[in-house]
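There are 2 protein chains.
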Amino acid sequence: MQKSTLTRLPRHIGIIPDGNRRWAQSHSKEKHEGYVYGIDPGFDLYELCIKEGIKEITFYGFTQDNTKRPAIQTKAFQEACVHAVMKLAHRDANLLVVGNTQSPLFPKELLPYANQKVCFGKGLIQINFLVNYSWNWDLMHSLANAPRAKSDLLTHLASSSVSRMDLIIRWGGRRRLSGFLPIQSVYADFYVLDEFWPDFKSDHFYQALDWYQQQDVTLGG
Amino acid sequence: MQKSTLTRLPRHIGIIPDGNRRWAQSHSKEKHEGYVYGIDPGFDLYELCIKEGIKEITFYGFTQDNTKRPAIQTKAFQEACVHAVMKLAHRDANLLVVGNTQSPLFPKELLPYANQKVCFGKGLIQINFLVNYSWNWDLMHSLANAPRAKSDLLTHLASSSVSRMDLIIRWGGRRRLSGFLPIQSVYADFYVLDEFWPDFKSDHFYQALDWYQQQDVTLGG
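Chains A and R are the protein sequences, given in the same order. To get my numbering, take the position in the first sequence, counting from 1, and add 783. To get my numbering, take the position in the second sequence, counting from 1, and add 783.
Because the hints were derived from the structure by calculation, they are not lab data. Quick caveat, the model's predicted, so the values are computed rather than measured. One or more hints might be untrue.
Remember, identical chains collapse to one label, so a pair may be satisfied in a single copy or spanning two.
What the hints assert, rightly or not - Below 25 Å or equal to it, Euclidean Cα-Cα: the simulated DMTMM-like pairs (lysine to aspartate or glutamate) are:
# : residue 1 : residue 2
1 : Lys891    : Glu835
2 : Lys814    : Asp999
3 : Lys812    : Glu830
4 : Lys812    : Asp999
5 : Lys858    : Asp999
6 : Lys905    : Glu816
7 : Lys838    : Asp986
Isolated chain A (complex conformation):
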């Protein structure tokens, strides 16, 4: 697909990069070995988003739910998230890491990027990265911090700097949000690919954009 055929672009895309463990198993590897293969696809997608003029991407790194998995898996996805950020530091993006830093499961290496926007290079795109995130934690933050006035709930979410998502793309075939930013996803269009995330191809991205163009945006109206 050529860029010229895309007339209606999402401003903000959410990414659920699922299927790393199933991909590993299908390649005769241990489950935890899959996560490291999920780093490069993120950068392929980052390049495509800049090329097509997407303004904001949110990656679902890992959740507090995910850390109930075996320790070897938890260590592997924590390390993959750290490596991804270290690699992004050499690119051109504004980064915001959103997650519960009050837990030993939050990687210490990412504390400098947590809950504040950090600019790398030319800052060509806004990238949000959910690390040790939990939908419940996100909402509780609001309850604990918001004045009891209307309209303050949303501005006091832990994720309040993350804008409403237009399109969510999920790899790995599951048709569910799995707690991905429940407030920012209320009006999002949801596109699911059966392929596992480490098998990312640019065609997946264009399939999703092509489908998105055919949707209407009503924001519930």
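Fit chain R to the supplied structure of chain A, relying on the hints for placement.
Just chain R now, with coordinates in the frame of chain A:
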């Protein structure tokens, strides 16, 4: 499909009955004329759910977003909701209507059923009906009413009596939640049918149950 082949049933199913206006247009009717054709399918589905042992269903009636539509449409879907409840009163279900009653757009006829469970007949199934609902209103209710302690957010939602949904089925082809119970939907599996809601067939229900059986339930873990 026979009941005996269903080994893994959702306890609670959410229903987004979309496509009434598009159905009307495709039948040479005015858009607002579609809603009345959405009542009987709800009862067909109710019968099937009782037959298969589903414990709870939540129907997305209309939202505060929806009431921004032309007045003739708003009147039509308000009336359809009232008729649906009057008809259900002769069946066997526990009914809970959830919605913002502090607005003239909430149908007065449904005030006796609002925000409290009412038992009709043998009460064979729990039916929740969202009427003049808004995700924002639902969450704000919590902010205004919850003590500032952890874990109180969810018990103070306006929809706090509605349990977590296992499966959401949407008719009309749109792949989005449109603000449907953002907290109860965080882990729900999401099945979309292209057919418009007034064209409901029992096969749609069994397609969704068949697909649901092939999913795993991880609750994010």
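Hint check results:
Within a single copy, Lys891 and Glu835 get their C-alpha atoms no closer than 34 Å, and across copies no closer than 50 Å, so neither meets the 25 Å cut-off. For the homomeric pair Lys814 and Asp999, the shortest alpha-carbon distance between copies (17 Å) is at most 25 Å, but the shortest distance inside one copy (39 Å) is not. Taking identical chains as interchangeable, the C-alpha atoms of Lys812 and Glu830 are never at most 25 Å apart, the minima being 28 Å within one chain and 47 Å between chains. For the homomeric pair Lys812 and Asp999, the shortest alpha-carbon distance between copies (22 Å) is at most 25 Å, but the shortest distance inside one copy (42 Å) is not.
Within a single copy, Lys858 and Asp999 get their C-alpha atoms only as close as 41 Å, which misses the 25 Å cut-off; across copies the closest is 24 Å, which meets it. For the identical chains of this complex, Lys905 and Glu816 are neighbours neither inside a copy (33 Å) nor across copies (54 Å), given an alpha-carbon limit of 25 Å. Proximity of Lys838 to Asp986 under the C-alpha cut-off of 25 Å is restricted to the intra-copy arrangement: shortest distance 20 Å within a copy versus 42 Å between copies.
Of the numbered hints stated above, those contradicted by the structure are hints 1, 3 and 6, listed in ascending order.
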